[in-house]
Amino acid sequence: MNEIAYLSLGSNLGNREQNLREAIRRASTLGRMVSVSSFYETEPVEFTDQPCFLNCVIALETTAEPAELMAELLRIEHEMGRQRVLKKGPRSIDIDILLFGDDVVNTPELTIPHPAMARRRFVLEPLAEIAPELRHPVAGKTVRELLAELPPGQTVKRR
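149 is the number that our numbering gives to position 121 of the sequence shown; each next residue is one higher, with no gaps.
Rather than coming from a laboratory, the hints here were simulated on the basis of the structure.
Beta carbons are placed, not taken as given, at the ideal position from N, Cα and C, and that holds for glycine.
A few of these clues could be false.
As the list claims (entries may be wrong) - Here are the in silico distance ranges between beta carbons for each label pair:
| id | residue 1 | residue 2 | range |
| --- | --- | --- | --- |
| 1 | Pro180 | Thr91 | 33 to 43 Å |
| 2 | Ser63 | Asn43 | 19 to 29 Å |
| 3 | Glu71 | Glu96 | 32 to 42 Å |
| 4 | Pro143 | Pro179 | 10 to 20 Å |
| 5 | Leu102 | Pro180 | 31 to 41 Å |
| 6 | Thr91 | Lys116 | 30 to 40 Å |
| 7 | Pro160 | Met61 | 10 to 20 Å |
| 8 | Glu93 | Met61 | 17 to 27 Å |
| 9 | Leu114 | Gln182 | 13 to 23 Å |
| 10 | Gly181 | Arg60 | 28 to 38 Å |
| 11 | Val73 | Ala167 | 15 to 25 Å |
| 12 | Arg186 | Pro136 | 30 to 40 Å |
| 13 | Thr91 | Gln182 | 28 to 38 Å |
Said to hold, decoys possible - Restricting the straight-line Cα-Cα distance to at most 27 Å, the calculated cross-link-like pairs of lysine-lysine (DSSO-like) are:
| id | residue 1 | residue 2 |
| --- | --- | --- |
| 14 | Lys185 | Lys169 |
| 15 | Lys116 | Lys185 |
| 16 | Lys115 | Lys185 |
Taking the hints into account, I'd like the entire structure generated from these sequences.
Here's what the structure looks like:
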């Protein structure tokens, strides 16, 4: 059965725009690309002593199961040179599953909806651009509502 998966992509090492475009190209082999947000220049959060990120969100229609999709995204990250040296540290590419249809997944390997998405402006801004009325299956609020509830803080600028 086809589901729409919403994926967050980010890069802050190397040619960030090229990294995002290559990750989008590779992700498109996993299903049908439904939508791609603009690219957003964002300040790092949590571990702030690193370069700024370029982020976007994509909607991908896929027949894969959530765990299968996550395995493929991790493969793409690895093939693109992602090295997990420092938690929340600099990375050539980072791909997270934000939402997967209305599914709620809570395993040691995977949590959907992404547990931090409702607190991250760098996720909600691009997601609101392509799916403002999408409803978070746990919080019950739309992406637009979640974004409006965020306190001032992290700078996110559309490029």
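We went through each hint and held it up to the structure:
Checked against the hint of 33 to 43 Å, the C-beta distance between proline 180 and threonine 91 comes to roughly 41 Å, which is consistent with it. Against the hinted window of 19 to 29 Å, the Cβ-Cβ separation of serine 63 and asparagine 43 comes to about 23 Å, which satisfies the hint. At about 33 Å, the beta-carbon gap between glutamate 71 and glutamate 96 stays in the expected band of 32 to 42 Å. In this structure the supplied range 10 to 20 Å holds for proline 143 paired with proline 179, their Cβ-Cβ distance being about 18 Å.
At about 34 Å, the beta-carbon gap between leucine 102 and proline 180 stays in the expected band of 31 to 41 Å. Separated by about 32 Å at the C-beta atoms, threonine 91 and lysine 116 satisfy the suggested range of 30 to 40 Å. The supplied range of 10 to 20 Å is met by proline 160 and methionine 61, whose beta-carbon atoms lie about 19 Å from each other. Distance hint check for glutamate 93 and methionine 61: the Cβ-Cβ separation is about 19 Å, which falls inside the suggested range of 17 to 27 Å.
Taken as a hint, the range 13 to 23 Å holds for the pair leucine 114 and glutamine 182, whose Cβ atoms sit roughly 20 Å apart. Distance hint check for glycine 181 and arginine 60: the Cβ-Cβ separation is about 35 Å, which falls inside the suggested range of 28 to 38 Å. A beta carbon spacing of about 20 Å between valine 73 and alanine 167 agrees with the range 15 to 25 Å that was offered as a hint. Between arginine 186 and proline 136 the C-beta distance comes to about 36 Å, which sits within the given range of 30 to 40 Å.
In this structure, threonine 91 and glutamine 182 meet the distance hint of 28 to 38 Å, their C-beta atoms being roughly 35 Å apart. In summary, the hint linking lysine 185 to lysine 169 is supported, as the alpha carbons are separated by about 24 Å, within the 27 Å threshold. For a cut-off of 27 Å, the pair hint linking lysine 116 to lysine 185 stands: about 21 Å separates their Cα positions. At most 27 Å may separate the alpha-carbon atoms for a hinted pair to count; lysine 115 and lysine 185 meet this at roughly 24 Å.
Going down the numbered hints, you'll see the structure goes against none, and every one checks out.
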